[in-house]
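Residue strings, one per chain:
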Amino acid sequence: MPQEISDKTINDRWRRRIMEISGENVYQCMQCGTCAASCPMADDIDASPRKVMALIQFGQAEALDHLNTPWVCASCHMCVVRCTRGIDLPRVMEALRLTKLRDNVDHVEPSNLQPEEVVDLPQIAMVSGLRKFTS
Amino acid sequence: MKISYYPGCTLKTKARNLEDSALACLKALDIEFEELPRWNCCGAVYSLADDDLIHLIAPVRDLIRAKERGADTVLTLCSMCYNTLARANKLMAEDEEKRGTINQFMDEEPDYFGDLKVVHFLDFLRDDYGWDKVKEKVKVPLTGLKAAPYYGCTLTRPKEVAVDRPDKPTILHDFLDALGATTVDFPSTIECCGTYQVLGNPEVALKRSQGILSDATLHGAEALALACPLCDFNLGRRQDQMLEKFEGATEVPIFYFTQLLAVALGVAPDDCRLDLNRPSALSLLKDKQFITV
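Note that the protein sequences, when read in sequence, are chains A and B. Heads up: the first sequence begins at 3 in the working numbering, then just goes up one per residue. Heads up: the second sequence begins at 53 in the working numbering, then just goes up one per residue.
Just so you know, the hints here were simulated from the structure itself, not pulled from any lab data. Do not take every clue at face value.
Part of the chain B face toward chain A, derived, beta carbon under 7 Å [unchecked claim]:
no. : residue
1   : V97
2   : P162
3   : F165
4   : C205
5   : E243
6   : V256
7   : D322
Pairs of lysine-lysine, DSS-like flavour, derived with a Cα cap of 27 Å [said to hold, decoys possible]:
no. : chain 1 : residue 1 : chain 2 : residue 2
8   : A       : K102      : B       : K150
9   : B       : K259      : A       : K53
10  : B       : K187      : B       : K150
11  : A       : K10       : A       : K102
12  : B       : K189      : B       : K297
13  : B       : K185      : B       : K198
14  : B       : K187      : B       : K198
15  : A       : K53       : B       : K211
16  : B       : K169      : B       : K189
Ideal placement from N, C-alpha and C gives every residue a C-beta, glycine not left out.
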């Protein structure tokens, strides 16, 4: 789908916030796609990490809002190991999650988790999952 | 070297087979250590936000506890604990500004400067103990066991705390070689099992894990060796769901690397805690006659 890039859609404040929280310069990305080719979640994300980087470069906060990529990212760090520009993409994904979570919008509601589903989970699954998906 | 052993939450409950077998190995290898008498959760994941220091308090506090015991080395068994503690330690050593803020915030604690060494049992065995010495201690060589080493993410990524080359690690391969097993290399050896997505997107995690298991068996593995309780959960405990859901899925015995070490060292079978694995794990070792009782 065509993406309108204009004064109406560019959110510069949000773009600067993402760079501040992540500590990463998104303009370093040259769109080589190595991250997209390395992502283990490629089949299940709405947009590849490469596309996410392009959308941030163009300040497309609204478009990114509808994509599941930051929430399916497992912070496995395969992309950062292979990034030709040395960008720490998991930090960018964390920043994208945090802009939501810090508005008190949880991605997973702990009280909705079914006891039978979580009873066997190791603590590190609960702690890491709730760290990534709740505020 | 004075070693403080940091267990972490999961090892005391859901991953007793990792802790119990590791402690039996440490004893069999005559390695002296002290378990930290007081510790807290490390946080499981390292904070990736530049402005988030509060989540560093937990791991740094653990490091201070180890320092208080007079340790120079913190030994970990869980890959996620290793990653979180090692990254926090590195930040405290290298980032003067953040170190200052954290030390000031924890005013009741002594200042910490990142001067401990945080190791995982695997790199401790390689660098401090030595594969040759491990080989000497092996009483029951795992000859003929076709085991695939599975690294997961947090042992070898990011590279700042990697126990080996992030793109082509060999540490678990070398470990299995030292035990006499036949190491089966496979492409997914460093791929993510789905980790905490078991909470947010359980179906995605299940698919990831099934992909890893089928890749390993395709390359001739009859078992998987790993180091992380969350990998063990995704790849091991969820196998019933995979067998039900995916056509062609087969049972794959999963071992903590410490359990295979314990068996090879001739540790009493009860201390290997194979009773906490899927039944296929013990059956395989009995078939191979590594365990006879």
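We went through each hint and held it up to the structure:
| no. | hint | verdict |
| --- | --- | --- |
| 1 | V97 | holds (4 Å) |
| 2 | P162 | violated (26 Å) |
| 3 | F165 | violated (22 Å) |
| 4 | C205 | holds (4 Å) |
| 5 | E243 | holds (5 Å) |
| 6 | V256 | holds (5 Å) |
| 7 | D322 | violated (23 Å) |
| 8 | K102/A / K150/B | holds (25 Å) |
| 9 | K259/B / K53/A | holds (23 Å) |
| 10 | K187/B / K150/B | violated (43 Å) |
| 11 | K10/A / K102/A | holds (21 Å) |
| 12 | K189/B / K297/B | violated (42 Å) |
| 13 | K185/B / K198/B | holds (22 Å) |
| 14 | K187/B / K198/B | holds (18 Å) |
| 15 | K53/A / K211/B | holds (25 Å) |
| 16 | K169/B / K189/B | holds (26 Å) |
Hint compliance for this structure: hints 2, 3, 7, 10 and 12 are broken, all remaining hints hold.
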